[in-house]
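> Chain C is fixed; fit chains E and A onto it per the hints.
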Amino acid sequence: MSARLLEVRDLRTHFFNRGTVAKAVDGVSFHVDAGEMLALVGESGCGKSVTAYSLLRLIADPPGKIVGGEILFEGHDLMKLSDDEMRRLRGDRIAMIFQDPMSSLNPVFTIGAQIAESVLVHRGGTKAAALSRAVELLDLVGIPDSRRRIDEYPHRLSGGMRQRAVIAMALACEPKLLIADEPTTALDVTIQAQVLALISELKQRLGMGVIMITHDLGVVAQHAQRVAVMYAGKIVEQAAVADLFSRPLHPYTKGLLASIPRQGASGGRLNEIPGMVPSLLAMPRGCSFAPRCPKAVDRCTHHVPSLADISPLHPVSCFVAQQEAKL
Amino acid sequence: MQGLKEFLRRFVRNWPAVGGFALLMIVLVMALAAPALYPGSPWDLVAQPFLWPGADAQFRLGSDMMGRDLGAGLFHGARVSLLIGFVATLVAVLAGIAIGALAGYYGGWVDDVLMRLTEMFQTIPPFIFAIVLVAIFQPTVATIVLAIGAVSWPAVARLVRGEVMALRNREFVQACIAIGMNDARIIFRHILPNTLAPVIVTGSLMVATAILTEAGLAFLGLGDPNVMSWGTIIGAGRDVLRTAWYVTAIPGVAILLTVLGINLVGEGLNDALNPRLRQK
Amino acid sequence: MPPTLRFLLRRLGQAIPIILGIAIFNFFLLHMAPGDAVDVLAGEAGGATPEYVAQLKAKFGLDQPMHVQLGKFLWNVATLNLGFSFRHNMPVVDLILARLPATLLLMICAIVLAFSAGLVLGVTAARNLNKAPDRIISVMALLAYATPIFWIGLMLILLFSVKLGWLPSSGMETIGGDLSGAARIWDVARHLVLPAVTLALFFMALYTRLMRASMLEVYGLDYVTVARAKGVGERGIAYRHVLRNALLPMITMLGLQVGSLLGGSVLVETVFGWPGLGRLAFESVFQRDYNLLLGILLLSSALVVLVNLLIDLLYARLDPRIEVA
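Quick mapping for you: the protein sequence lines, in order, are chains C, E and A.
By the count of our numbering, the first sequence reaches residue 525 at its end, each step adding exactly one.
By the count of our numbering, the second sequence reaches residue 288 at its end, each step adding exactly one.
By the count of our numbering, the third sequence reaches residue 434 at its end, each step adding exactly one.
Extracted from the complex, chain C is given alone in its bound form (with noise of 0.2 Å):
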């Protein structure tokens, strides 16, 4: 099959409130191979949670809206699927795990159902039969005892064997894609590693798709093998792992990298993006990460650059870098 598992065209995801408009998503494009991690990084509140939202059309509207774009999935794209269509999508061939596995599970039902719950929704049959499925996901996801533990409830279950049984519970059905917000921010460093490792190991086993979203650049290094860097709602800069932690490009990019604490480097100070994002409500006119960039020139705060390849595998969306590039 030549056509992508996942291809993301022009994506747009705007909120409406009291007549104003946040463009949170605006404009991201990418794809997503089988048996590939794509990583999406970039600060809080530049629009990765909302992308991964987006993709599942999981946006609450009001005050949500996706406005434009296309979503391929397998070739078909979700924005023309009726409700019930993408429903049976969710869980089954497209699931999701998200940030917090403390108030990801529904507190007053045991772990068993709620994974079973996923069986029954989109296979069917019976109730034993989905918990004795729900067996096997618990060991595949590394929980011991798994047969007691689909009888516990959530509330008896430390972070991470709760983040555990949250990817069990997406796993079900055996999905093509899968989208992970942040799977490891709520978790103990430890329990981080361990869980990080369970998604790269399945998403070998099962050949997944997976979009990782972070903001931590070592889990991208460690994993990923794409990476697309977010900023204000836009996608700026797009490489393999290898090529980005060598070559970065735009200067957020380069920025981003230069904030990490290496390792050995004790008492050096960490380097930080001066300035703040900016509120999507009062996005300067040009190119939004102009007013906190070094390199901006005249042009950066008039006109907004696209994402132009410089080699057909890194586009980078950032005149200097362009013009630098072509030299």
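Misleading hints may appear alongside valid ones.
[Stated by the list, open to error] BS3-like cross-link-like pairs, simulated, lysine-lysine; straight-line CA separation at most 30 Å:
| no. | chain 1 | residue 1 | chain 2 | residue 2 |
| --- | --- | --- | --- | --- |
| 1 | A | Lys181 | A | Lys166 |
| 2 | C | Lys263 | A | Lys240 |
| 3 | A | Lys240 | C | Lys221 |
| 4 | A | Lys240 | C | Lys278 |
[Stated by the list, open to error] Derived contacts from chain C toward chain A, CB cut-off under 10 Å, selection only:
| no. | residue |
| --- | --- |
| 5 | Ile295 |
| 6 | Thr308 |
| 7 | Ser316 |
Think of the hints as simulated: they come from the structure by calculation, not from any bench.
Beta carbons are placed, not taken as given, at the ideal position from N, Cα and C, and that holds for glycine.
Coordinates of chains E and A only, in the frame set by chain C:
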């Protein structure tokens, strides 16, 4: 001042609250205008009995089975309802603040004792308790006010206690304690003003309950025999429900609209004072 | 010991001081009441001599010091001896127990109606947020919430008994009907409709508003989005995921409202001549039967405690985060 302006802006944008405020103002005007419009006692037998509303231009709202002017009863009743509703709530709020502040500020055994007391008062069915108090101490405006106050303070006490306990541990209060400020000053100057917003919201909704309680007592015949209450008119009109239902209907609508007005204002206050709850 | 039993015992232990406090409070109220039982009896005998009054006082122990009287009173309460009603010439407990079933029938019907209708209306409103059904339900609830309970009762009588003649307006059964079996049940049911609806309306409004607010709150929680992302349909979201959690504050409210429900039944029973505890309380006020009135107050408080105990058990059953043990 900035806060007040912001509060007014939010309140005015909420049209049900503004409507409720208008209703309440109408009732207030009725109460204030009663002595001027109906100088005589509302108990006076001034008209022919059983005049239907609109039948006689002099008594637009009609007369009851004794020939009392229902208009006079309605206007004078507004005085009684508002007076008892607001004063009883004031009594309850003051008692609740006192008990809640002591329990929340001092904690320990003071808290234990006062909260047991609060729980006890919350367990006794409020309306039956009010009946007992009014029956034992004889129905007068004062005993009715105190009885309603006595059954409604626990909610305020619990609310204030919770707020005070939270504020007690905040830095600014700890700083006051550290510089040796006396307890009364800390409580009155620094803690209580910060609990005002939720108390106002709760209090405003309690006025509605107080008015309904007063009307219920008067309906049962436990109103002050010297004043005309809407509940009293309904209680009397009940006997002629089959033939002259308007005697019952009119004051009932008056109670309904008054209570509705207060509830709308109370909810408006809640929305305006707790903007974070409004995000829905 | 099973955890449920241990939980019950612990809660009972917490309830005893409350009941004791109310009983002591009752004792002092009784003493403040104008005229004790002796005055009533003496008054009825007409022109009793001071010697006779003193003799009566001794007989009832009213000449003893206060703390002895209090001790006796509490002992009596503990043994369910709530004194004697001179009006009815019967022990207060017997009078109350005779009237309790009618009140319980009325209250249970009203609360079941209010709870279930409030639940359905609240869910409907929340699922149609800011659309026509929500607006209509919210306005109706607002109105019902502001309506005096006794007045709505009278208006229902006017409409359904006086004007339409569909339902009886007073009493619990047709007097002299001499019905039995199914016919009698049908007769009582017909008499029950108006009082139960009247008593239910206010609480229905309360539960509708609470359920709506509670549903909306739960709708905003993460696990609801997670369920959507799992592909659960909107019905499943509403009735499985949201409802179960939104129900918890409703259960709490049920416990908080038992007292109000008892108060409301005084008014409703008076309006509809329903032969229950509320009507008995009303009569005792006008017969100056303070023993009886305070007995009702004490027992209705005990009923509140009991119902709350049951509700705590129910809550623990519905919310797995509450461990009974």
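> Are the hints correct? Go through all of them and say.
Checked hints:
1. As the CA atoms of Lys181 (chain A) and Lys166 (chain A) are separated by approximately 15 Å, the hinted pair is consistent with the 30 Å bound.
2. Among the hinted pairs, Lys263 (chain C) with Lys240 (chain A) is consistent with the structure: their alpha-carbon atoms are about 19 Å apart, no more than 30 Å.
3. For the hint pairing Lys240 (chain A) with Lys221 (chain C), the CA-to-CA distance comes to about 27 Å; that is within 30 Å, so the pair holds.
4. Restraint check: the Cα-Cα separation between Lys240 (chain A) and Lys278 (chain C) comes to about 26 Å, which is no more than 30 Å; the hinted pair holds.
5. Taking 10 Å as the C-beta cut-off, the interface hint given for Ile295 (chain C) holds, the closest approach to chain A being about 8 Å.
6. For Thr308 (chain C), the interface hint holds, since its Cβ comes within 10 Å of a Cβ in chain A; the closest pair sits about 8 Å apart.
7. Checking Ser316 (chain C) against chain A by beta carbon gives a least distance of about 5 Å; that is within 10 Å, so the hint holds.
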